[in-house]
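Residue numbers (the working numbering), protein chains in the order written: chain X, 146 to 659; chain C, 134 to 440.
If you are wondering where the hints come from, they were derived from the structure by calculation, not from laboratory data.
Please note that the accuracy of each hint is not assured.
What the hints assert, rightly or not - Facing chain C, from chain X, some residues (calculated, C-beta under 10 Å):
(1) L167
(2) I186
(3) Y198
(4) K326
(5) L329
(6) Y408
(7) E409
(8) N555
(9) I559
(10) F576
Unchecked claim - Going by beta-carbon spacing under 7 Å, a handful of chain X positions derived as facing chain C:
(11) I190
(12) Y191
(13) C194
(14) L196
(15) E332
(16) L551
(17) I582
Since we're looking at a predicted model, the values are computed, not measured.
Idealized CB from N, CA, C, for every residue including glycine.
The primary structure of each chain is shown beneath.
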Amino acid sequence: MKEERIKRFLKVIPGFISWSMLLFLAALFVFKPIAVAITLIIYLIYWLCRLLYMSVLLAMAHRRISSKKNINWLDLCENLKSDKRFEDIIHIVLYTVYKEPQQVIEDSLSVLKRVNYPKDKIIVALAGEERDTNAFAKLEKAKGKFIEYFKDIIITIHPQDIKGEIPGKGANATFAAKRIKEVLEKEDYPLENVIISCFDADTCPANDYFACLTYHFLNNPKRHQTSFQPLPIYNNNIYFVPAFARVMELGSTFWQMIESMRYEKVVTFSSHSMSFKTLVDVGYFPVDLVSDDSLIFWKCFLKFKGNYATDFLEVPVYMDIAVGRNFFDTIAVQYRQKRRWAWGVETFVFLGSSLINNRHISLSVKMRRLFQILDNHINWATWSIIISFITPLVLLWSRLVHQDSLVFFNLSYINSVIFNSLILILILCIFISKEFIPPRPNSVSRFIYLSFTLQWFLIPFISAFLGSLPALDAQTRLMFNNRLGFYPTPKKRQDTNNVVQIKKQRRLLLLRFL
Amino acid sequence: MIAMEEKKYPILRKIFFWLFSLGFIIFAPIVLFYSLGYKFDMHLKKFQRTGAISIKTTPQQVEVYLDGRKISESTPYVIRELLPQKYTLSLEKEGFYPYKIPVEVQSSHVYDVDIVLLPKMENIEKINLDFNVYKFFVIRHIFSKRIIVFTDKGIYLLDEKFENSQKIATLNIDGPTINTIEGLEEDKNQLIFWNKNNIWRVKISQSHGEVYNTASLIYSTNELIKDVFVALKGRYLIIQEGMKIVILDIVNYSAFFPILELKSTAAKIFYDSESETLFLKDSLPSTDKSSLFKINLMEYIYERRTD
Chain X
146 MKEERIKRFL KVIPGFISWS MLLFLAALFV FKPIAVAITL IIYLIYWLCR
196 LLYMSVLLAM AHRRISSKKN INWLDLCENL KSDKRFEDII HIVLYTVYKE
246 PQQVIEDSLS VLKRVNYPKD KIIVALAGEE RDTNAFAKLE KAKGKFIEYF
296 KDIIITIHPQ DIKGEIPGKG ANATFAAKRI KEVLEKEDYP LENVIISCFD
346 ADTCPANDYF ACLTYHFLNN PKRHQTSFQP LPIYNNNIYF VPAFARVMEL
396 GSTFWQMIES MRYEKVVTFS SHSMSFKTLV DVGYFPVDLV SDDSLIFWKC
446 FLKFKGNYAT DFLEVPVYMD IAVGRNFFDT IAVQYRQKRR WAWGVETFVF
496 LGSSLINNRH ISLSVKMRRL FQILDNHINW ATWSIIISFI TPLVLLWSRL
546 VHQDSLVFFN LSYINSVIFN SLILILILCI FISKEFIPPR PNSVSRFIYL
596 SFTLQWFLIP FISAFLGSLP ALDAQTRLMF NNRLGFYPTP KKRQDTNNVV
646 QIKKQRRLLL LRFL
Chain C
134 MIAMEEKKYP ILRKIFFWLF SLGFIIFAPI VLFYSLGYKF DMHLKKFQRT
184 GAISIKTTPQ QVEVYLDGRK ISESTPYVIR ELLPQKYTLS LEKEGFYPYK
234 IPVEVQSSHV YDVDIVLLPK MENIEKINLD FNVYKFFVIR HIFSKRIIVF
284 TDKGIYLLDE KFENSQKIAT LNIDGPTINT IEGLEEDKNQ LIFWNKNNIW
334 RVKISQSHGE VYNTASLIYS TNELIKDVFV ALKGRYLIIQ EGMKIVILDI
384 VNYSAFFPIL ELKSTAAKIF YDSESETLFL KDSLPSTDKS SLFKINLMEY
434 IYERRTD
């Protein structure tokens, strides 16, 4: 009962702080406009410093990844002196599947079969859902096509309506992991030699991913107290999605790059890998919460009394940009996806309630970790609303009412200086994003590169609506105890050549008509 | 090798973290104090609150002088960190009259100066027609303006830029009479113009040939014509004449109707042709007070019809 009350209290905190910040500014503007100007000046300088700092981290992360591009990870693995032998390591690649088209699964398996790693050390697990009526047939078909390339392909179908679970990736992955454990034990594979990579259906690992992962696993003495996080690059369908969706998803990639430089703070996100033994020891992925990808890290963190870390790999995995049926549907899909990610704020409740009575972790570590989550989520929900919405509104209003006030006059000046400085950051983003753009299909016009450059200037306009607003939405739902179900992002692969051809024909017809 | 390289990143990150944190700690109070108008006076060894002058001019690129000292070569410009007192601001640009303005700067306030400089009148543009011009009127025409010019060779229509001119009518009125014209209305391809006792009408000639319409006198009175409005779909003129209001049929100008007797010599009328409403300021009966009246002619017409 007491624990429930604590959880309820913790649920209120993020939303309360975010809303308080926004409402405080609004109320202050009515009663003490000069105080708002002062607050905004400090806030803008704080964000300028923070953004410049993040840009440095982004540049460092980019340098770190590019400097290791040409490393032969497999060679390193084979020659590494470790307490474990490279040959003994087995990889489980777990794909959670729910309503993804056959093509998405087969494309991912095609990429997997081409990776630079001995395939006889890779067991693929295809985890379908009973809710997806033709899941078994779909996965069986994929298994039939690809079984010859891997050591084995295990298919599991997660039953629906299991008590205590919410339908989603975590529950499905846990069900599959339990079946995998049975198989591994039956075959007498020591669990401490098994690495599990929990992937979305559209995740395509880079060629050296498993070699790099194995190297880091073997080279890390605390390998069972470490998760291994690749850089998720959302670019599989980059040529066929609207510019705003590209910006949002590449923004997420950049955020992960920045996080990768804050070694002690890195938390797992989306597709990642870890010791299978650890997964079993911590009782698998959470089944009753939405943000399974980060919560598994915190479960391990608690299990190992705070001695758990994430090792950021230098090799990426490639994923799809969330896209809808049309432009407006893509906006809705992006919004729902970002809201689900922002629902990661539930980790604050999970961790907060778990840490209160935990005597094994020091108070400073507890406070730092909780503050880290709170800081990330509150800033996510408020910064772009304050910078690109509230500040211009305050400036507009002050121009009418407080036009002779020096502090408002200077606020406008500082705002313009900061926005000009942001252009430098945008140039850095343009430069780095070019590295993540795959080769252009012949069917796509080269003018798209112009769009790839100009798209970054959309940030001030979309960051509030597709960045902060979904986060604020998630926090408000949590605050009012309104549960958010797992939203599976729609994955679809367009018949790209056909789509482009049709568009070209339409454009020609339009030109002729004009 | 890889581990060695990995070690440098956390160190670099910490250095940058403290660098930017320090930057914020130092920079934020300085910018904040500066924004609030505080300035450290090195001589007095204390902070003083200042104000600013924001200068915008039309045209831009104007030299700015403060108390005779050149401050800036161009505008827009902001003079900051000014102690609260009176200053004289001068704005100078070649080809324009210098502009001086006294400015009282208050602490934490911005004195906003937004000035249109007056050009020195040189190379004044002349109409490219060799006529004796008696009178002219500028009228609104759709989205632009047109100029009606009364000359010794007839009435001309000009565009604003003086680029196109077109003769629209001949005149059979002598120059001194034309000089007495007080008002002009254009409606439905015709011009109505008047002086104190007469009203003329001329249809605008559309052809560019030698045949032009001539102005005809449609109304003449011994009373004083104060105002004329085109009314009721361009068919009638509403005339304030002496102590009465008369309505005159423009086409059949033998038909005219004295519709209202005015009470005061200070009475004033305005006719809104869009709503076909006559507004009238006149004295109230048996008092010294004036009031405003409104007559919607179209409503009157429809009410009478239904009656």
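Now for the hints, and whether the structure bears them out:
no., hint, result
1, L167, "violated, 21 Å"
2, I186, "holds, 5 Å"
3, Y198, "holds, 4 Å"
4, K326, "violated, 32 Å"
5, L329, "violated, 30 Å"
6, Y408, "holds, 6 Å"
7, E409, "holds, 8 Å"
8, N555, "holds, 4 Å"
9, I559, "holds, 7 Å"
10, F576, "violated, 19 Å"
11, I190, "holds, 5 Å"
12, Y191, "holds, 6 Å"
13, C194, "holds, 4 Å"
14, L196, "violated, 10 Å"
15, E332, "violated, 33 Å"
16, L551, "holds, 5 Å"
17, I582, "violated, 25 Å"
In summary, the numbered hints that this structure violates are 1, 4, 5, 10, 14, 15 and 17.
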